[in-house]
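*Asks:* Sequence:
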Amino acid sequence: MFGDCILMSERIKISDKFTFGKLIRFAVPSMIMVIFMSLYGIIDGLFVSNFVGGEAFTAVNLFLPVFYLVGSVGLLLGSGGCAFIAKLFGEKNEDSARRHFTGLIIIVTGIGVCFTAAMIGFMPDIASALGAAGNVKRLCSEYGTVMICGLVPFILQSFFQYFFAVADRPKLGLAITVGAGAVNTLGDLIFIYTADMGVIGAAAATVIGECVGAFIPLAYFLVKKNKRLYIAKPKFEPRSIGKVCVNGSSELLSGVSAATVNMLYNFQLLKYVGTDGVVAFGVIMYISFIFIGCYLGFTVGTAPIIGYNYGAKNTEEMRSVFKKSLLFIAVSAAVMTAVSVSTAKPLASIFVSGDPKLLGMTTTALRIYSVSFLLSGFNIYASGFFTALNNGIVSATISASRTLLFQIAAVFVMPLIFGINGIWGATAVAELLSLAVSLTFIILKRKKYGYI
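The working numbering puts the sequence shown at residues 1 to 452.
Keep in mind that the hints were calculated from the coordinates and are not lab data. Just so you know, nobody snuck in bad clues.
Here are the simulated BS3-like cross-link-like pairs (lysine-lysine), alpha carbons at most 25 Å apart as the crow flies:
| hint | residue 1 | residue 2 |
| --- | --- | --- |
| 1 | 313 | 17 |
| 2 | 313 | 227 |
| 3 | 22 | 227 |
| 4 | 227 | 17 |
| 5 | 323 | 313 |
| 6 | 448 | 92 |
| 7 | 225 | 13 |
| 8 | 445 | 313 |
| 9 | 22 | 313 |
| 10 | 313 | 243 |
| 11 | 357 | 345 |
| 12 | 92 | 17 |
| 13 | 13 | 324 |
| 14 | 235 | 224 |
| 15 | 313 | 324 |
| 16 | 92 | 235 |
Label pairs and their in silico Cβ distance ranges:
| hint | residue 1 | residue 2 | range |
| --- | --- | --- | --- |
| 17 | 118 | 270 | 21 to 31 Å |
| 18 | 315 | 236 | 26 to 36 Å |
| 19 | 21 | 117 | 46 to 56 Å |
| 20 | 393 | 135 | 40 to 50 Å |
| 21 | 443 | 122 | 38 to 48 Å |
| 22 | 315 | 225 | 29 to 39 Å |
| 23 | 412 | 440 | 21 to 31 Å |
| 24 | 17 | 190 | 46 to 56 Å |
| 25 | 113 | 242 | 19 to 29 Å |
| 26 | 16 | 114 | 34 to 44 Å |
| 27 | 124 | 323 | 46 to 56 Å |
| 28 | 408 | 349 | 23 to 33 Å |
For every residue, glycine included, the Cβ atom is placed at its ideal position computed from N, Cα and C.
Just need the whole structure built from these sequences, with the hints factored in.
*Replies:* Right under this line is the structure:
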């Protein structure tokens with residue numbers, strides 16, 4: 001019913017002229033889609049923390065960064081390929097766009113299969129390397145073994161989420177993602193709450209949801225009738241694939257860096273606080289997925305518009321979309337930060353209400369961390385904007401500064417000055433430093449692309 005409703009409304013195309021309202025309507029499905037994809041881990045965490053226990057919750061939080069790390073190949077080829085193919089459509093090279101799209105599907109699937117084969121037999125070793133021991137190690141290994149079986153669907157789902165906007169069907173992408181999320185939730189209810197399958201049930205529910213989110217889009221793009229983008233005879237052109245990889249490197253770096261930094265946060269928290277710190281940080285990550293997902297989704301939704309108009313050399317429309325996007329992010333940043341600070345305790349209590357001490361620490365941590373929401377949207381959009389302009393070097397530089405360089409420095413330096421609160425505030429400091437990098441590139445490149 002929900003899918004039918006959203007698909008009956010006005011069809012907006014990336015070649016249209018966008019008012020502010022039209023831009024938001026076009027981007028909202030992608031925003032909700034990214035948020036629902038984030039809900040996979042959140043739903044698992046919610047069921048595990050409330051029905052399985054603290055050790056299981058710690059095990060899930062230790063493994064998820066590794067899963068997202070290897071799954072970031074979908075972000076690499078999805079984001080880079082989206083910008084490249086949108087540009088080809090803008091240049092009226094439609095057949096080439098479809099053939100490159102098909103080649104990328106084959107490549108991303110092959111990479112996923114290789115990663116799965118390489119990792120599936122080494123889960124106990126991976127759990128040990130993550131700092132897990134005793135029962136937590138066993139639970140981490142069990143959860144990881146099932147999750148890695150769903151790596152290919154996860155990568156494909158991450159890949160396809162970029163292309164529904166290029167195909168002028170962002171609302172269909174949203175409907176599929178909502179359906180996948182509903183399947184995941186139902187699976188958690190059956191496997192964890194009813195069947196008492198613990199972390200294995202949580203992972204199984206996630207994998208089934210990912211299959212829905214991967215294979216329905218695959219079936220959709222296999223049908224050619226009345227579509228801009230569909231699967232055709234594949235084209236493997238090394239130079240173009242290289243461009244896609246360079247252009248998508250910022251999103252790859254974001255995924256790799258986020259996973260790496262999350263592991264470093266966990267190591268620091270184990271050092272300063274113990275497993276309670278890992279639990280608190282896991283709660284913050286789940287909640288931040290929702291807020292950051294708004295920025296990521298907006299960027300994913302609007303990037304094809306920028307890429308299309310860049311290819312069509314329509315500088316006036318590109319400039320208009322850029323200005324409207326900055327206005328949206330500024331308003332969103334203020335609203336989301338205020339909401340996060342004011343609702344920190346109720347949000348934290350969803351996961352850790354049974355432990356007053358842990359609830360207090362998590363509430364304080366979330367309020368400090370929320371300052372980063374004022375800044376992160378601008379950095380996320382700046383990186384995605386240059387990806388859409390097919391400038392992967394600038395995009396990757398912004399992304400690496402934001403998610404790796406400044407984050408690592410902050411997470412090690414800030415606790416030396418402010419103790420445990422320094423860890424919670426490290427992300428805000430990293431975003432502030434990254435904003436300077438983003439503004440520098442926006443000013444330096446304004447004449448080349450004409451967006452100001």
